[in-house]
Amino acid sequence: MHLPKFEYLEPGETSEVVSILGKYRGQCSIIAGGTDLLVAMKQRRQTPKYVISLAKVSELKQIREEAGMISIGPLATLEEVVASGPIQKKLPVLAQAAWEVGSPLLRTVATIGGNLCLDTRCRFYNQSEFWRGARPDCFKAGGVICHVTNKENTCYSTFSGDIAPALIALNAQIQLIGDGDERWLPLARFYTGVGRIPNLLAAGDNEVLTEIKVPLPADGTKGLYRKYRFRESIDFPLVGLAAILRVDPDDGICQEACLVFSGVGSRPVQAAEAENKLIGKRLNEDIIAAAAETAAGEVHPVKTDRVNPQFKKKIVKAMVREAFTELGGVKS
Amino acid sequence: MKRLINIVVNGEPHEVAVNPEQTLLEILREELGLTGTKKGCDQGECGACTVLVDGKPVSSCLVLAVSVNGKSIATIEGLSQNGRLHPLQEAFVQHGAIQCGFCTPGMLLAAKYLLENRPLPSEQEIKEAIAGNICRCTGYVKIIEAITAVAHSTAQ
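The listed protein sequences derive, respectively, from chains U and H.
Each residue of the first sequence is one higher than the one before, counting from 1 in the working numbering.
Each residue of the second sequence is one higher than the one before, counting from 1001 in the working numbering.
Heads up, some of the hints might be wrong.
Said to hold, decoys possible - In silico contact screen, one side only, chain H against chain U (beta carbon under 8 angstroms); selected entries:
1) D1042
2) Q1043
3) G1047
4) A1129
5) I1144
To be verified - Calculated lysine to aspartate or glutamate pairs in the DMTMM-like style (CA-CA distance at most 25 angstroms, straight line):
6) K1002/H - E7/U
7) K1056/H - D235/U
8) K5/U - E1030/H
Source of the hints: derived by calculation from the structure; they are not laboratory data.
Glycine residues also receive a C-beta, built at the ideal position from the N, C-alpha and C atoms.
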């Protein structure tokens, strides 16, 4: 499969990126690592006229520790995130999530910002042009019908990033810079939940992701990232779970609990009710089982991959139980 | 529009005129004639196209040629020196770690990167290092044995 023709632009400053995005509005794609975009282009799911490389914008690559924060440039590769001392030490859940993305060959190139901007996926959409040509274009590909649900003007394609659940669980903020303005917002608000246009940058407006800031978790916070997939070595998550837990060391009461899933909706899904079942309690087997049951009720997967949604709910339940049994040190 | 890029491939400098839509894999195979790097899935899943860019393994089918301007690239052709096979290549031959051979260039480069960074890796670390390289003949056991043998013989 050859790539379609395009013009390659290599601006040196964020402001230049923004002005190019404004000039060629709707005809550009930004390339960081390219491991998601180039596949989309080979499959003719995306055929931008201009591809804007961020490789020369050096300010977007740094990982540094500031007062009470870790700041990560979106252009840091996943390998750099995994290997970063401050991230390994202070945000192990993020290092673990980054380690679980793709294969080592992809992590040397793929970036953390690219993983946040990952397009949503569906078994009818993520296919070659030839394969998709057997039926009318689906809604996400520019047609009318959704082949999963057989309904018109809907898209249930699934968000399958590994980094976003970890960063949402860690209360990360992101910076978007546009024409003359910049804004900070919680990462969770970056995702629209709309399968066709899954995040604030997907519509092709002239904004660019420039920084990720993660507040350092309170002392005693534990976290982990779990990923269920077909092939351990490389696949996207069928279900991914970032779990955070902080327990009061004196009385053993859960102070903070956070559960964010990937692979079960068009955006990263936070299971707030399940969190409430844990907060303020002393964790035991029954409480964790109740939270797991609640979490399974809070996710609404659609059959956008080869896995039955009911099976995904079972995986969600099992993952929550395992994760909090491990994090809480609960004997089962 | 074509652009000129300067790259060092296996220690030899090259100036190549490339189109933006050409991948590193395409220029290695089609412009420089280095067909040891294989085209498999062409989507970054199989690892047959693995090369080292500035010492790090990448899937060259997902790297734009224009983006490697000024970088140093190592392919399977550069592994043997002065007609002598690299120790990893010898070990692959001795352990029968080659069946059809299609994954071998990628496996060897992934293994080279591993041993340069972790001279004495555990079996788990070897498995993780070649996780992105699929052997469709499923000859992983012998591949892991060969890499282990090189690690041990270098350590002695």
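Which numbered hints are broken by the structure, listed smallest first? Result: hint 5 breaks, nothing else.
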